[in-house]
Amino acid sequence: MYGRSERESTGPSAVKIVISGGFGVGKTTFIGAISEIEPLTTEASMTDRAVGIDDASLLTQKTTTTVALDFGRITLDSSLILYLFGTPGQERFDFLWDDLATGALGSVIIADTRRIEDCYPVLDYFEDKSTPFIVAVNDFDGADRFELAEVREALGVDEAVPVVHCDARSRESVKGVLVALIEQVLLQRVA
Amino acid sequence: MRGDDEPRLPDPRMIPIAQPQPWFEQPSSTEHSVATGQSATDDGDGVFVRPFIVTRGRTRPLHDGLRLETLVEALPAALSAPLQFEQRQIVELAQRPVSVAEVAARVGVPLGVARVLIADLYTGNYISLHEPHELPVHVIERIRDLVRAL
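Those sequence lines, one after another, are chains U and R.
With the numbering used here applied, the first sequence covers 1 to 191.
With the numbering used here applied, the second sequence covers 1001 to 1150.
Some clues are possibly wrong.
What the hints assert, rightly or not - Some chain R residues near chain U, calculated using beta-carbon distances under 10 Å:
#1 L1068
#2 E1073
#3 S1080
#4 P1110
#5 G1112
#6 I1143
No wet-lab data here; the hints were simulated from the structure.
Only a predicted model underlies this, so the values are computations on that prediction, with no experimental measurement involved.
Ideal Cβ placement from N, Cα and C applies to all residues, glycine included.
Work the whole structure out from these sequences, hints included.
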């Protein structure tokens, strides 16, 4: 018989990495640079969350907030699939962020040096969650190339958190950032 | 798959021969004209379709804990099971493992709807679920090496 394999450790597993940062910082570009599929978009709505509350009045109110969620997929081998999920920009939607962060291997926080403060809330969130993360400074054309030490100072992140340059359009660059993140995850595991 | 034992639908090319008049050109079928008239109005107005209509209004999945990255994989018997349209789409997608988020995006329903549909399929024993678990260090090292080799 085909059993229910949810608790089997064999079989395929999915690994999730969250790509975060302020609005328009290049998250979907980053995902698209390495994803084997065109980044997909799915819709999550507030009513998804109201479900758990079991309050019918919430469902009848027509205040459904819909958030679009972009993600890409990389099949690493026959049993490992890596998903890159972009956090929705603009505003924070806690209900969705927790869905995204729970069980994530780690997070890449993309920073734009022209609007460095945009990623403060994201930093706060992941520091709070103790999800391993690194900061990738997206080098936009025309943006002054800051020293990474300056960026680190501006962000106020711990010395232990890697801050790296990246070009979200370049597959090689994105790959390097992901490898740096996984190294960081391993470091935190061993520590 | 299209064997000799599948005589249910005539070849579309045969229809003009077997049926001299396409039904929508028949002059006096009031039933049909009413029906087409209605659907045309609906399309024009862009009527709001409530997302949970495909789950008959149920918003709560029968199985909890479906994460965005939980993998869904169809069991062999599911392809021949009598399933509703969206569930059949899910079964076809899940011939190889796909995540809950991917199911939602590809079927074109919000995540909450996808969760209800997937949980129903799981409860009906049409799919298996591979829920994410804490990865041991050697697996993380393998992930790093595989990403590096991309």
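Taking the hints in turn, this is what the structure says about them:
Taken as an interface hint, L1068 (chain R) checks out: its beta carbon lies about 6 Å from the nearest beta carbon of chain U, inside 10 Å. Proximity of E1073 (chain R) to chain U holds as hinted, the smallest CB-CB distance being about 7 Å (cut-off 10 Å). Contact between S1080 (chain R) and chain U, as hinted, is not supported at the beta carbon level, the nearest pair being about 14 Å apart and thus beyond 10 Å. Because the smallest distance between the Cβ of P1110 (chain R) and any Cβ of chain U comes to about 4 Å, under 10 Å, the interface hint for this residue holds.
The closest approach between the C-beta of G1112 (chain R) and any C-beta of chain U is roughly 4 Å, which is under the 10 Å cut-off, so the hint is satisfied. For I1143 (chain R), the suggested interface contact is upheld, since its CB lies about 6 Å from the closest CB of chain U, less than 10 Å.
Violation of the numbered hints given earlier is confined to hint 3; every other hint is satisfied by the structure.
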